[in-house]
Amino acid sequence: MNERAISSVLIAGGGIVGCSAAAALRKKLPAVRVIVVAVPPPADALADRIACTLPSIADFHHDIGLSEADAILRAGSGFRLGTRFEDWTQGASYIHGYGDYGRSLAASAFYQHWLRANAAGEAAPFDSYSGAVGFAAAGRFLPPEKSPVAQLSNYAYGLHIDPERYCMMMRAYALHLGAEECGSSIQDVHLRDDGFIDRVTVDGSETRADLFVDASGPAALLRSRIDREWLDWSELFTCDRFMMSEEAVQSDAPALDQAIALEQGWRWEASSPFRRSSGLVYSSNHLSNENARRLLPGATEVTLKPGRFDNPWAKNCVAIGDSAIAIEPLEWTNLHLAHSAIDRLVAMMPDRDCNPVELWDYNRQVTAEADRVRDFVLLHYAASKRDEPFWDDAVSRPLPSSLQHTLTQFRERGRLPFYEEETFARDSWAAVLIGQGVIPRRLDPLLDGVPPKESLRAMEQLRSAIHAAIAPAPTQTAYLRNLALQENR
Amino acid sequence: MLAQTSLNVVVVGGGTAGWMTAAALAKLLPNACNIHLVESEEIGIVGVGEATLPHIRSFNERLGIREAEFMARTRATFKLGIDFENWGRIGDRYIHPFGTFGRGQGEVDFHQYWLRMLHEGRPVDELERYSMACMMARLGKFALPSQDPADVTSTFNYAYQFDATLYAPFLRSIAEGLGAKRTEGRIVDVELDGETGNIRAVKLSSGERIEGDLFIDCSGFVALLIGKALNEPFQDWSKWLPCDRAVAMPCRTETAVTPYTGVIAMEAGWRWRIPLQHRTGNGYVHSSAFIDEQSATDALVAAVEGEKIAEPRVLRFKAGRRERSWVKNCVAIGLASGFLEPLESTSIYLIQAAITALLELFPEKDIADADRDEFNRVIDLEYDRIRDFLILHYHATERTDSEFWNYTRTMVIPDSLAEKLELFRRRGRVVKYREGVFLEASWIAVYLGQRIYPEDHDLRADLPNPDALQKGMESFKGEVIIAAESMPDHLGMIAQYCPMAA
Chain A
1 MNERAISSVL IAGGGIVGCS AAAALRKKLP AVRVIVVAVP PPADALADRI ACTLPSIADF
61 HHDIGLSEAD AILRAGSGFR LGTRFEDWTQ GASYIHGYGD YGRSLAASAF YQHWLRANAA
121 GEAAPFDSYS GAVGFAAAGR FLPPEKSPVA QLSNYAYGLH IDPERYCMMM RAYALHLGAE
181 ECGSSIQDVH LRDDGFIDRV TVDGSETRAD LFVDASGPAA LLRSRIDREW LDWSELFTCD
241 RFMMSEEAVQ SDAPALDQAI ALEQGWRWEA SSPFRRSSGL VYSSNHLSNE NARRLLPGAT
301 EVTLKPGRFD NPWAKNCVAI GDSAIAIEPL EWTNLHLAHS AIDRLVAMMP DRDCNPVELW
361 DYNRQVTAEA DRVRDFVLLH YAASKRDEPF WDDAVSRPLP SSLQHTLTQF RERGRLPFYE
421 EETFARDSWA AVLIGQGVIP RRLDPLLDGV PPKESLRAME QLRSAIHAAI APAPTQTAYL
481 RNLALQENR
Chain S
1 MLAQTSLNVV VVGGGTAGWM TAAALAKLLP NACNIHLVES EEIGIVGVGE ATLPHIRSFN
61 ERLGIREAEF MARTRATFKL GIDFENWGRI GDRYIHPFGT FGRGQGEVDF HQYWLRMLHE
121 GRPVDELERY SMACMMARLG KFALPSQDPA DVTSTFNYAY QFDATLYAPF LRSIAEGLGA
181 KRTEGRIVDV ELDGETGNIR AVKLSSGERI EGDLFIDCSG FVALLIGKAL NEPFQDWSKW
241 LPCDRAVAMP CRTETAVTPY TGVIAMEAGW RWRIPLQHRT GNGYVHSSAF IDEQSATDAL
301 VAAVEGEKIA EPRVLRFKAG RRERSWVKNC VAIGLASGFL EPLESTSIYL IQAAITALLE
361 LFPEKDIADA DRDEFNRVID LEYDRIRDFL ILHYHATERT DSEFWNYTRT MVIPDSLAEK
421 LELFRRRGRV VKYREGVFLE ASWIAVYLGQ RIYPEDHDLR ADLPNPDALQ KGMESFKGEV
481 IIAAESMPDH LGMIAQYCPM AA
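Top to bottom, those sequences are chains A and S.
Residue 121 in UniProt numbering sits at position 121 of the first sequence; the count goes up by one each step and never skips.
Residue 56 in UniProt numbering sits at position 56 of the second sequence; the count goes up by one each step and never skips.
Some clues are possibly wrong.
Residues on chain S that point at chain A, a partial pick, calculated with CB under 7 angstroms [said to hold, decoys possible]:
(1) LEU29
(2) ALA368
(3) GLU374
(4) ARG460
(5) PRO464
Simulated coverage check for chain A against chain S, where a stretch passes if three residues somewhere in it have a Cβ under 8 angstroms from a Cβ of chain S [claimed, not checked]:
(6) 17-31
(7) 342-351
(8) 437-448
If we take Cβ atoms under 8 angstroms as the criterion, some of the chain S residues that face chain A in the derived model are [unchecked claim]:
(9) PRO30
(10) ASN31
(11) ALA32
(12) GLU61
(13) ILE65
(14) GLU360
(15) GLU419
(16) GLU422
(17) ARG426
(18) ARG429
(19) VAL431
(20) TYR433
(21) ASP458
(22) LEU459
(23) ASP462
(24) PRO466
No lab work stands behind these hints, which were simulated from the structure alone.
Every residue gets a Cβ at the ideal spot worked out from N, C-alpha and C, and that includes glycine.
With these hints in hand, go ahead and build the complete structure from the sequences.
The structure is reproduced here in structure tokens:
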């Protein structure tokens, strides 16, 4: 290692994000000393508090060497295959299941064939061609690597975690990998003349490091000391308030959670084997806090300020999680964005000088990813069809040009243009668009080469093969019990 | 949703671009269009014997073309990459392979481990020794790649070197078989609609008038429709890519029929060497600002290795592209849309990219802005990324032996390239894009091949035990060489698989 190399990293934040960053850094770059200041995550740090996570969490665990037994059994997590969206378009519901819908036929994506069959009145619901949705509907579960369904139409799953237990597990793992804990509150941040952070005062004593990771939540205790150039998204998002409550339960956790549109926002219900979480996301312009409390009594309340740092990484301080990007929890992207930032940090670790070109590449990727996640979340509002004032407000908000581009292309001919650093795959976009009743004006021209009867036959064969392959799979509870048995053997 | 009514498509120009477009439309949109191609045998085509990229294989596949037949008909040879000589310094040589370096190591790229060994002063071999495509090329061997990802012979890809003047007629027979109509004749006038500015018809010297809904301009450099009739401006990139002439001269093949294209840096540009089954294509791409045509021709004649088959002929061009390739009801494909010198064999690829985009965005009679805009966005991206990759070859040099190289070495490069270069210099990182033709291994090959050495490497590459890593690299190198040596000779493979008709 050269003498310019980063030899120590200080992480501000003792929540899931901070502990996950500590574990990943220790695992991948064991020569680097990692000091965690265990600042407790505040109520508005959604990446540290939201129970639902995306499929990328399984890759993250795998990359840092966490087994299913640790990440799922010991942490009390359950499997989740997608979200059921209710009433986003008056009275209708659809499911956004993870992974593919059907399988490409000839030169066209599956959803294009579906659109043609649907126009002819011959297609089954779009959901019914998804392996993830099929498993959820049947109340069964197997991970793709253990199920023949994945060969027919690949699917994916995320986790429903118990945030507190999960955080304890991740903290223990980070410490096991050699991360050091040092205090739990930051009193002061000292900058050098060149604007870099020199040291921080932690519980009265001064601590130095080469690089500082800010995982302290929206307050951005460290990062905000360097600059406050923040891209404000409040013009784009209608919702600005958030409430959440959790309770202990014992259940056969359903593999789908629900996101139900309300008159002035939306609420969710989600369950892991031992916890149930409920939440409410709304606009204070359309619903008073008092009335919101009546809808969800006893909940934690938080104000949302959607947006992101222009450059999440500046000088020798990188913001990760809600300190970098604040977005409402719809589609559960908060922890995903943090994991993705941690992966990039590990992969792109610069020298102590934090050369601008290296930060430029990091910021380019992280902000491209955040902006497309923003687009995907906004899509649900842009494509909603309800007639209350809140929803009128939501659909009349300005759209980012990238989302406008996607919508124009899809409405015209069902095209989904590709963007770099996209989190949600093409079929996820299609699931939401089709689910919310956005039907293209024209068909994909390349369908021209495949007669409709032929593609319909292939679609139906695929659908029955998927459902036949799901039938013998165990229930989620049985699968978890089995996992525990194997673990104890 | 409305059903498509079929469109009358007029393709102007019957070179490689014209017939590729006509064949693809006829095959893949059988009901959406009626194709009418106009070409003039008087004009002739530019095609000088083409080197291609692996993407052409999927194009041929979509058209249902059998590889062996295609290769025999176009007198093609296999191509595993490009051999660059004298670029970083005179005497340097490296291959840009169609394939990867090393075996997939998960998230950290092989070249990072290679750099780590280098930085630790451990013995490592040249990077090309860890590439299947490079070693096959060096040994003059060829066999089709394996489909099994565990097999080392699955780690390369290939393209062709072929006679482009034979590819167009081959595609013509396919297009005509699928119902495309062809008219022989020279276009003397283009009739525009006074109100919309759309092209209404083209008029031939015979007096015939051909109407259409959509016009594809494949007329080459003259850009008869998009340039002359519609006046779409041309974005000039010659300050970064100063070559504007090529002198071409085929010769008999007297030395090896190599499974790769040779690209040799010269005093004021570079020389290609493209071996086909029946001859070898040669040419000197140069900048008229730094060398006159006669001196360039003399230098080419002196350098070619075999008996000449034809007199040298000169082609003139300018690097750049149309501001928009789709304007009104006219889509420019091929040289009419833009020109990037053949250094990385991208011209047929760009034709193919435009055809793919046109197929996906094929319009209705009333063309939607959404179709045009998206087409132009996609095509611009392709041009811009190739542009940066080409500029890199000229800029990353230590040559000081001529005015030409002094210019390209010191010129101001686009910011987008400067950032990429700096990132690689620091830690061997390649800016990754999922879209765009040249992927990571291509950039790595050219950076390292032209002496851009990173000061450091990805820290994650420090993780494995160095002795184990070294052993793994040694054994991979062994696997590569054993696999390459056991393959048939390139010429033997051709003789057995796809010999041209005598």
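| said: Tell me the numbers of any earlier hints that the structure contravenes, in ascending order. | reply: 5, 12, 13, 24
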